[in-house]
Amino acid sequence: MDLNLSDEQRLLRESADRFVAESYDADHRRKMASDPLGYSPAVWKQFAELGWLALPIPEEFGGLGAGAVEIGILMEAFGRGLVSEPYVATVVLGAALIERCGSAAQKQGILPKVADGSLKLAFAHSERAARFDLAKVATTANKTEQGWRLAGNKITVLDGHAADEIIVSAHLHDHRGPSGRIGLFLVPATEPGLIISDYPRLGGGHACNIELSDVHLPEDALLGDGSDALPAIEWAVHRAMAALGAEAVGIMQTLLDITLEYTKIRKQFGRPLSANQVIRHRLADMAMQVDEARSMALRAALKADSPPVERARAASGAKAKIGRCARFVGEQSIQLHGGMGVTEELEVGAYFKRLVAFDTLFGGSAHHYARHAQLGRTA
Amino acid sequence: MDLSFNAEERAFQSEVRGFIAKNLTDEMKRATALTPSVFSDPDIGMAWQRALHRQGWGAPGWPVEYGGPDWTPAQRWIFETESARAGVPNVNVMGVKMVGPVIIGFGSPEQKNFYLPRILSGEDYWCQGYSEPGSGSDLSSLKTRAVRDGDDYIINGTKIWTTHAHHANRMFALVRTSDGPRQQDGISFILIDMKTPGITTRPILTIGGDHEVNQVFFDDVRVPVANRVGEEGKGWTYGKYLLEFERGSGIASAKLREGLKAIADLAASDLTGRAIDSPDIATRISEVEVDIDALEMTELRVLSALQTGQNPGAVSSILKLRNSEIRQAVTRLGVDVIGYDALAVEPMRPLYRLNHEPAIPEDTLTVVPEYLNGRAYTIFGGTSEIQRDIIAKMMLGI
Chain A
1 MDLNLSDEQR LLRESADRFV AESYDADHRR KMASDPLGYS PAVWKQFAEL
51 GWLALPIPEE FGGLGAGAVE IGILMEAFGR GLVSEPYVAT VVLGAALIER
101 CGSAAQKQGI LPKVADGSLK LAFAHSERAA RFDLAKVATT ANKTEQGWRL
151 AGNKITVLDG HAADEIIVSA HLHDHRGPSG RIGLFLVPAT EPGLIISDYP
201 RLGGGHACNI ELSDVHLPED ALLGDGSDAL PAIEWAVHRA MAALGAEAVG
251 IMQTLLDITL EYTKIRKQFG RPLSANQVIR HRLADMAMQV DEARSMALRA
301 ALKADSPPVE RARAASGAKA KIGRCARFVG EQSIQLHGGM GVTEELEVGA
351 YFKRLVAFDT LFGGSAHHYA RHAQLGRTA
Chain B
1 MDLSFNAEER AFQSEVRGFI AKNLTDEMKR ATALTPSVFS DPDIGMAWQR
51 ALHRQGWGAP GWPVEYGGPD WTPAQRWIFE TESARAGVPN VNVMGVKMVG
101 PVIIGFGSPE QKNFYLPRIL SGEDYWCQGY SEPGSGSDLS SLKTRAVRDG
151 DDYIINGTKI WTTHAHHANR MFALVRTSDG PRQQDGISFI LIDMKTPGIT
201 TRPILTIGGD HEVNQVFFDD VRVPVANRVG EEGKGWTYGK YLLEFERGSG
251 IASAKLREGL KAIADLAASD LTGRAIDSPD IATRISEVEV DIDALEMTEL
301 RVLSALQTGQ NPGAVSSILK LRNSEIRQAV TRLGVDVIGY DALAVEPMRP
351 LYRLNHEPAI PEDTLTVVPE YLNGRAYTIF GGTSEIQRDI IAKMMLGI
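Residue numbers (full-length UniProt numbering), protein chains in the order written: chain A, 1 to 379; chain B, 1 to 398.
Just to be clear, a hint being listed does not mean it is correct.
[Said to hold, decoys possible] Derived pair list, reagent style BS3-like, types lysine-lysine, alpha-carbon separation capped at 30 Å:
#: 1; chain 1: A; residue 1: Lys267; chain 2: B; residue 2: Lys143
#: 2; chain 1: A; residue 1: Lys264; chain 2: A; residue 2: Lys353
#: 3; chain 1: B; residue 1: Lys143; chain 2: B; residue 2: Lys393
#: 4; chain 1: B; residue 1: Lys240; chain 2: A; residue 2: Lys264
#: 5; chain 1: A; residue 1: Lys264; chain 2: B; residue 2: Lys261
Source of the hints: derived by calculation from the structure; they are not laboratory data.
The shape of chain B in the complex, shown without the other chains (with noise of 0.2 Å):
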């Protein structure tokens, strides 16, 4: 056992130290840094996508036949560290993360030879149609329909808490094909062009004060058949096993101890009269610094046994849960260091082009809205009380 690098190891660790110096501009990290949502806005995040794409790292998880870099887990702990440290915009995960391994997993060879390309350059953006205003947790009760109608589907129906329909070219979408005997049948997984007549968006604003999520219409809206991914009927396979993706792929401890940094130095700063003097703020820094180290010792532990071949198990759903509880234990100390400048609200969007001198410091500017929408960490992707159901499922067979 070793928590130390191997010098191959350390060797590709300044090689991502060098690519990031050399391409992530102050811009794209103070855009990153002024960003209180989840993710970056797309000029943004996809100025780092062709990036890393010119890089050959477009797509750390994929399989090398398909433009993956074809790392061992240690060089991507490495990568998602190194990116994590130094403040790098967020990608759109939808494409990479989530919609590739599916298509790579069950697309046919037109789809993996017309879609993974263009996620890969960032040409395509795309954006995730599973919840429904009707179906949150018990998503597979979803009900928009496709209907077949000679080589196409007609969609109606609606999807919500749609991240960045707004910003989107494509969706990929949870649909109703049939009706099985178990709700979880009848369900396809369905590649939709966002231009086709008859989808409309509306944005909806978070508590924060962002514009992240929308909640998108089908009116009547025509899809060929062959934009289908596999069999019609077994989506909810596919949806399931981009899921898992979704809560267990993500390396998130080194993003969290950045979260806590920026905060530990706000609070042993003058801005804000020295927090940190309080022995209970020093105290929980120390406790959630604490929850971050043995998150990533987790993490490290399911590193090493993926690399050698072991299967992780249900403890992508330990890692999606702790995860988003540190991360809102990050933002509440977050809202206490600031004080008073807690109160202040800052309506303009995006925060990193005001054309204003804010009232509070720039620093403390994404700490409350940062708090705010970080509520739904808990929430999305599975909540939290999900989460326990598969823990207890999975890990403890009841």
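Excised from the complex, chain A in its bound form (with noise of 0.2 Å):
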């Protein structure tokens, strides 16, 4: 039992902070919000040398091998900087994905390129009618002669737009009718057929909406097999709740950092506002909860390659609890700001408006809750 950073992970902590301290701005991130893309070709570039992207992808398929814990760290301090780029979407669930389903060429036609930053992914599975239900794909796959048509409509996928290939969700159809299985399917994005909308998502980044009417792909374009592909999706959707509740920590400690140094020099009544007990009882509240909020985030993330009930318990509870504990920070620090935090001059809201992102994505703090006691009944 050793939960003290090993020198890789020390090292790797040190680089993302540095970082995120020397390139990523107030001003980056301002340009960034109005910048058309939402994101930086040249930031991404960076970190394929800096070699997060290759981070978790297995060595043979040249990456580094590295496991949650790892993308955590990275993770808090991309939080810290409130980065933009398409992260989760291409490395902690596609290539995820990939790595799970893929068959053999697939890996070695897609990995790589992830790692080397050439090729970028999205996750198209969420639907209107699903709402956080992983297993609840109304999308259809039906085989044809020369492949695949799939038709179906896809919400909220994740930096859809930055994305080359996206790995759409589908149920599987063949000639006897519905196999009760889900696969997933490579489909590149400018593919006839795919109907892209592109938002800018709360917070910074992008998502869309996908509307696939008679998509035909070949055969190949199936990830592995075509055996169910539901427990790879849970297992990849809970690596990238434990990566986003460690984002959300790093949001959550610059909001507290940002906030306490707001209380001791803002003045009222002649003296600092932090010379309030109300104001440090607060305050020692956000920072236990951002305390708390840590120790989830972590073990979700040691517990990422848990047994399945297991690991689906362990990502709940983290993010209903750091869901919760976001809440709380967010609009604590936004309070203690005055009309100040209300307003777009200040950063505080842009941090905030990413961890109401966050407690959406992927479901509530409410729907985690639930799940957990579902879960907890059938351990």
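Could you fit the two chains together into a complex? Lean on the hints.
Structure (structure tokens):
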């Protein structure tokens, strides 16, 4: 039992912190917020050079073979910088799904390109009627003589606008009808029949809705052998939840830091705000919740490869708890900044919005507490 | 980073399990489960202390030269976790975890030779003389006075909330030996034999119906100067050192988890008409479980830091605060889970030696008293408000 960082992990944290402190300042963030792409291809190239795109990819495919804990270390720093590059979509979700479901040839074709920065991925899975239920997929993939025909509607595809290839989930239908299995398809973003509606995402980055109307794909667009992809989807999404939890911790820590500074400087009634016990106790509660969130993000990362129910409970527990902490820390940061906290002139609002987005992504606190309870009864 | 135990740690885990299986009697277990106050009665707790002492485990946190077992933080974690899982009695923490470390840190060789073995063996039973009727959170305003008379101090005053003063044969107390410029000055740390003439004890019943705490009066009580620990007037420093042990030395999550498990088992049983089938109850169980997970991870992070010699800092206040709040959440949930059984009052104590059939099932007997008595968790050992002051000051610098 040991929760201290290894030397490699410490180096990773130092380089990530340094990158964010030196390159990802307020000016950069402001520029990205109004940038039509919402992220910087030059920064993406830097990520590749730093080895961060290769981080969780197995060594045999040009990666570094790191795990969820390392991703968490990186994501916490990304949270501090409010990084808007499509890292979760491409590396945490996309590469993980390819690694889990792809054939040897598919892995060899995709993963090295992700690692070197020449290929970006996105995961089109959520649908309006499914809400946060990962098992609910109405999009269909019908077997044709030449391959597959996909039809359906996907929503909230994280950073889909940036992707070269989009991984689309669909229920597999063969000539006998529905198979009861979910398959994953690799669809080029330029494929005719894809209607992509891109929009800026709350708190930075983009998302899109995708309409698939009669998208014809070759046989080998299906990842792997067509066995049910749901367990792999859950595995990858749990990793993404842990990663986003770590990012939220970085955001919360930043909000706490800047709010603490502000309450020391801002004077009312002839003394700093922080001279008031009610303010000090609020900040103590915020610090405590940041610490609890940090514990839960680390816990979810450490259990990212545990058996399914244990892993799912750790992921749901972390998502629920961190979401609740995030709302508290975010809302109180605005409250303690007074009227200025509600304006776009300070960065507090930008950090807060990313936390609100975090709480919604893959299901909010209410959803995950209920899910945690449900899983507890099956455990 | 690794959450799992290595081979040595696993071997130690089975050693602990074996020890508990051999020494924890059914009577001790039942008595512990049916104790709704914070501490076990001394006959139960001290029987366990003697068993631990025979094994060489009487004082897990002490240095090896004073009889500590020389465990790694991971071993302490395993010991505490297995103990909580098995439901072992509480030992006299005022001796082992409070006055013991102070004597080790600041006591004279004579004091160490005399007191420490008696704490280990369970021969002495200690109580803590800190709070006074006029000095709660503002502890250093205390007024109990010790006036020098030859080789003795003559003590006058009163202490309150003294846990198990009616069982203890010794008390460690903070007393005022002089008036300094600050109210923290002039306080001394003194060890008192409870059989000294002039000491009287008044029981105080808590709202759960238990006699655990007392008020203690000192009326011209003569205590040898040799019973003072460390320097005269430096007692506040020693007293604060002790409070850090009181707040931060605990590994609390394992016990919280067992408490929640008991409530969740009740919720899933016919005794409560399967309260867990209500989505509200099921979700609240998960909320508390997740809070325990977070506390456990923080405890493990602190342990890992200690293992490499790092100082965990003001996190002991976070641990104390979260432990007390979660404990209250568990007991609050318990009251809601047992439904109508919450209305039955069983005034007789101890609950494990009733001479009649109780009105409600034995499994639900302690739920309401634990909830009521448990309101004290966020008050003793420094209130939650004081802990927040400490976090703001020590962690945030405001």
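Results for each hint:
1. A:Lys267 to B:Lys143: The hint is violated at about 38 Å.
2. A:Lys264 to A:Lys353: OK: Lys264 of chain A and Lys353 of chain A at ~24 Å, within 30 Å.
3. B:Lys143 to B:Lys393: holds (27 Å)
4. B:Lys240 to A:Lys264: holds (28 Å)
5. A:Lys264 to B:Lys261: violated (44 Å)
The structure fails hints 1, 5 (numbered hints given earlier, in ascending order).
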